[in-house]
Each structure stands twice: as C-alpha cells, then as structure tokens.
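Asks: Here is how the chains run, residue by residue.
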Amino acid sequence: MTTTPPGLTEVLQRTFSFPKRHFLSVLDLNEVEVASLLDLADGFVSLNRQTSKKLDLLKGRTLMNLFFENSTRTQSSFELAGKRLGADVVNMSPRSSAMSKGETLIDTAVTLNAMQPDLLVIRHASSGAASLLSQKVGCSVVNAGDGQHEHPTQALLDALSMRRAFGRIAGLKVAICGDVAHSRVARSNIALLQMLGAEVRLVGPPTLIPPAAERWNVQIFHDMREGIAGCDVVMMLRLQLERMDGVMAPSQREYFRFYGLDREKLALAAPGVRVMHPGPMNRGVEIDSEVADDLSVSLIQDQVEMGVAARMAVLTSLAARLENDR
Amino acid sequence: MSVRPTAYANVRLVDPASGYDGPGGLIVTEGVIADVVRGPDMGSLSKDIEVIDGKGAMLLPGLIDIRVKTGEPGAEPKETLKSAALAAAAGGVTTIVVQPDTHPVMDEPSVVDFILRRARDIGLINVYPAGAATKGGEGQRMAEIGLMHEAGCLYVTDADRPIVDSKVMRRVLAYAKAFDVLVAHRPADPWLSTGAAASEGEFASRMGLPGVPAIAEKIMLERDLALVELTGGRLLVDQLTTAAALESFQRARDKGLPVTATTSINHLSFNEIDIGDYRTFCKVEPPLRSEDDRQAVIEAVASGLIQVVVSAHAPAPAEDKRLPYDEAAPGAVGLQTLLPALLTFHHEGRIPLIDLIRAVTSAPADLLGLPAGRLAKGAPADLVLCDLNAPILIDADKLISKSKNSPFDGRRLQGKVLRTVVDGRTVFGA
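Top to bottom, those sequences are chains A and B. The first sequence begins at 225 in the numbering used here and counts up one residue at a time. The second sequence begins at 42 in the numbering used here and counts up one residue at a time.
Here chain B is said to cover these stretches of chain A; the calculated rule only asks that three of the stretch's residues, wherever they fall, bring their Cβ under 8 Å from a Cβ of chain B:
no.: 1; stretch: 425–436
no.: 2; stretch: 473–480
Keeping only pairs whose Cα atoms sit at most 30 Å apart, straight-line, the calculated DSS-like set for lysine-lysine is:
no.: 3; chain 1: B; residue 1: Lys176; chain 2: B; residue 2: Lys443
no.: 4; chain 1: B; residue 1: Lys418; chain 2: B; residue 2: Lys457
no.: 5; chain 1: A; residue 1: Lys397; chain 2: B; residue 2: Lys218
no.: 6; chain 1: B; residue 1: Lys176; chain 2: B; residue 2: Lys362
no.: 7; chain 1: B; residue 1: Lys176; chain 2: A; residue 2: Lys489
no.: 8; chain 1: B; residue 1: Lys445; chain 2: B; residue 2: Lys123
no.: 9; chain 1: B; residue 1: Lys445; chain 2: B; residue 2: Lys362
no.: 10; chain 1: A; residue 1: Lys278; chain 2: A; residue 2: Lys244
no.: 11; chain 1: A; residue 1: Lys489; chain 2: B; residue 2: Lys218
These are computed hints drawn from the structure, not numbers from a lab. Note that the Cβ used here is the ideal one computed from N, Cα and C, for glycine as well.
Whole structure, please, built from the sequences with the hints as guidance.
Replies: Now the structure itself:
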C-alpha cells in the first residue's frame, strides 16, 4: 500500500462508473462521459508527476495486453497505466506464441477468457477485431487500435493534451494532416473533437483522404497551406514509408515538399498554434525536426505523458463498473 | 530580340481565339504583340517600324503541337531537341510539348529542368516537357507529379504505354487533381493490343498482319472515363482514332466530365489501306484505322468534339523502319508537315479554316494554360506567315528532322510556310 499522495482523495472523487463494459469506440461515448474521463485523467497527470506513483485502485485485477501488432509506445503506456493502478499486467504477443499458429481470434479470446482476466487491451491489424473479441469474453475490452478503424484512447489523450494547452476544446480549429485514409487515430479524433465542439479540417493529397470523407462534416484541403491557415492545432499523422514510394504519394521528398510540416507552412496557422503527432514520427518526411522539437509549439512530448494518465482514467472507470457488476 | 518594332501588314489574319478571319495586320514590340489591326488599313506607321509586307498571305498564331517525341535525352541519333526545333520552325510550329519516354525517363524534376534548360540554350522555339505519370513510365508507381509540375512540366503522361493497373490510374488522376495537373492517357486495352501490328479487319487479315480490334480503344477509354467520374481528375485522351471510342467520349462530354481529346494528323490523313505493300512509314501507334473510323475522326474535329490535333511526331531512323512490317518501329515524323496536311481539310471543304487552326493554336493553349496561340495584344509574338494555296510536294529526304520516316512522302499538299516567328524573332524564312 502506497502512502496517499496529495490530491489523491480529490482525484478519486472524480472516478465515475463507466456505463459500458467495454471501451471500443469514441462513438460509444457522450460528452459528459468524455468530460469526466478528462477530469479524472487530469488528476492522474498530477499523481504521475510525484515520486511515488503507485495506487491500488486496480489491486487484484489482471490486465492483459494483447498486441497482435507491435507497438512499443501504446503497449508500454497501457502497461504502466495498469501497474501504477496496482493491477497485475501480462503482455501477450500472439505473433511469438502458440496462438499465432493457425488459431483464430475467437479461439484466442476463449483461451484468454479462461484465464479470468479483468481487463483485456487489444491491438489488432483488422478493423472490428476489438469489437469481435468483446463479444466473446467476460471481461472488459479496451480497443488499443483496430486496423484503420479506431484508436479511442489516443483521441482521449489528444483531447487531454489540447484541453490542458488551450483550456478548452470547443471552438478550436484543428487540422488533421497526412495519411487520413489509413489512420485510426484520425477517425477517433474526428469523432471526439467534433463531439467536443472543435472545427475539424482534413489535409492531404486526394490519395490519402478517405473516399466520401466530405460527408463527415469536415472541410477537406489538398493544399496544406490553405488547410492549416488559421488553425489552432496542427495534428500530423504518420505516413508509412512504403506508401510514399509512388503508391499513395510519389516520394518522400515530394511528400515533404507539399505535405510536410515545416516552419514556413506552420507560420500560416493561428498565433499560438500547437503541433501534435501520435508517433512514431518520420522526421524530415511528414514533419521537420525543427518543428517537432520546438517545445514552444510542439505538444508531442505532452501527448506521451497524457497517454499514461488517459489510459489510467479509462482503466479505473472500467474497473469501477466491474465493481458495480459484482 | 530586335528592339525595333515590326509590323506585319497586308495579311489575312486568322485568329481562332477571337474568331477573326479577315484582312489586317499586327505590330510586334519587344517580342510581344503590341497591336492588332483589323481591316486592310494599317494607318500611318512610325518610321522606326520595320514593315513586313505579307502580300495577302495568311498570318496565324504559331502552331502548338502538344505531342512530340525527340530522341533527347538518350537517343540523339534519331532526333535532338535542336533538329526537332528546326523542323518545327520550318513547319510553322512555335511550341512543342515533348513526351517523357526518353532515356532517362522524364519522371522527376531534374529531367524536366534539363529539357527546359536545353530549350533555352537552343532558343529557337518554345519547348515544354510533359512529365511521366508513373516512375519509369512503367505504370506501377506514381511519379513526382507535384515537383515536376513546379519545375515546369505541362501535363503528365506515360506516352505510348497505357497505365494498365486501374488502381494506379485512379491514384494518378486523384493525386494530379491536387495540383490541377492534366493527365494524358492513351486508351488501348493492353491485352487486346499485344502483338498487333495493324488494325484488325479484312485488310489486315488479307495481309496476314496480327491486328488489334478497334474496340481496344473504347474499352480502355470507358475505364478512364469512369475513373475521371470517380476522381474528378482532368483527363486528356491521347489520340482518339475510332468511331466506337468517339461515341463513349461524346457521352462523357455530354455529362460534363473534365475530359479533352486529341487526334493525330496521321489518323486524319491516312487509313489502313495506306499500309499498302507493307509501307512501314505508315506504321504508327495506334495503327491506322478503317476509312469509317477516319471519317468519324474528321467529323469529330469538325464538330469540335476533338479539340486538339497533334503531329504525334515520332522519329524513327531508316534502320528501325526498313524491317519486316511487324518488326518495324512504329511512329512518323510530322512537325514539318502538320500545317499543310491539316490545311487539306480546308481545301477539301471539310472543315472551316478557323476551326482547323484552332485545333493547333488556341485550343491546346487554353488546355495547357499557355499565353501563346492567339493574335491578341499582349500575347507572345509567335506567328506563322503562310501561303494558303501554294502547292508543295513532300519529299521525305528533304525534311529537316534527323529521321525521315514521313508517311506523307510523295504527297502533294497545299500551304507553304513563308516565315515563322517566335517571340518576335524570325526563326524560319525571310
């Protein structure tokens, strides 16, 4: 048992019981729930900055990280979140275990379910995988990224970073730039930011904007200068290098010329603009190091810190719900 | 560039951009058209003006030929940019757009820049490059369309090679749209075309030549038009040559799709029978079509459905042509014969003169956003003085191109270029 750090009591008062068993999609949330999660996460940020970070909110619980796709960043973020809350954390990489040998996702789910985890965090290359898994297990499932569909905890941590930087989200102009077509980060962010009253723009070459995205109540720009003009937040997305060799874009140098964020383009954004990137970055391809490393504009480091806090908020709220079920 | 202003007096002005065809003259200062006078009276001209008496000849905007191949870089023995420029000047062509299927392929900005620098050094006529749509012109991966556009390429195309993969074509059209870059594509179904040396039909069958059916053009065109509808990208149909494909194209135009088409002077002037006794100078890509197709293409130029006529200038030296028909290289030179060959349709009373001239001046200029191609105040002084009626005999050996592969060899045509002017400088004639 850790000593009670200052502010913990207050933070714990913010805990609310999440009304759903799973955390799969931003579309499952409403504005009140998001505000509560952000408030709670905000509290965890302070606690995480203290020397002693250990809490016991998830004591006795088992958290399984089930990552079918490699992701050091997200996996360690969930792992830390679980451990700081006192849960037992197990990391499974099905690719390197017997589970990869012809077993279906559902077989895997049934197997894992038999081990009685309380929280299952899944990352999978197929859209809808988290939802499918959630139908087959008795525990809570957290979507840590399913294909090109959603990455709801990323949207939550992005919202937290923005709210802390600007004090609000409503009314912000946010340009989401780059490979929107293949981005689960973009889809979750569009939905969450719009729910919170931000104005969302999508910026990228036509090959990287999802078909019919104009029906998402967003403005679409193929000229990055026009797209980020007057924006408060420029959110860059990662473009996989293999998509940049004549497939979705002609070359890295052409991509950087027209869609890479550098000082010159950033100067067109609103005064006080902040730059975000979900990581890992392709420096000199989608973002100039000069911009990425400028702490007066870049929120990229903050995003990583907020990630742990936001995930702690999600896990705590889901666990509170489990408590009620009992 | 002469500082002294020049007046072209006593000429028949033919200016499709304004629709004017009648007596008049114009004054050129500093390489730019300073004034256009309509009517026979030029008024009193200042003494510093050098007056060129056209003696009633036709003065039209310099021709713009948007589909020209040279051998530079990579195959200079066939044709250099300079020999092509000289041939163009002799033919009244003042602007050419060279195709990217060179060695190396013009698929990145430094090659575009190379062509522009070479053209500047040669300094005879305006030369612009078209960039490759895909890397290496191989139809697999997009080329650097944005950077080439910035470097000065006028459109992108894989030239003779169709982009087979529909996904690649879709991406090229969609991507180019972001830069408002025109994509030119030759409609030819690759599988139906494989191995073909002529147009499929009774004649090819009798000659024993493997043929490609005319619908190979329609099949690929229909795909391209559907992709234009999906992506909103601008398409230039490179050389429409069949009646079947024209039907599809008409439908797309009626729908308002952003599509334009060219045809070549070869397909307007010859049909499959001209292959005759295996005349390889008449082997072109796409192959010469039936007379019904040729008539449909002439009709489409007359109606304005096909807006642009190109020479499809493709030099091939004798060693590539003096081969059995199916082994011979395709292509025909055409820069020097484009204008007189086109005037045939005026002399035959098939197409009004001003409409013919439009297809090689203001129509391509408007399509590519060029300031030339019109006799208007402020436009570059790119001009051709031409005797509309003078008879000429085409002698391929006397053509200026390094390669002499002209299907017009031995033809009697009417229309002689007297003088060609680029930016106010006389580059051909006196």
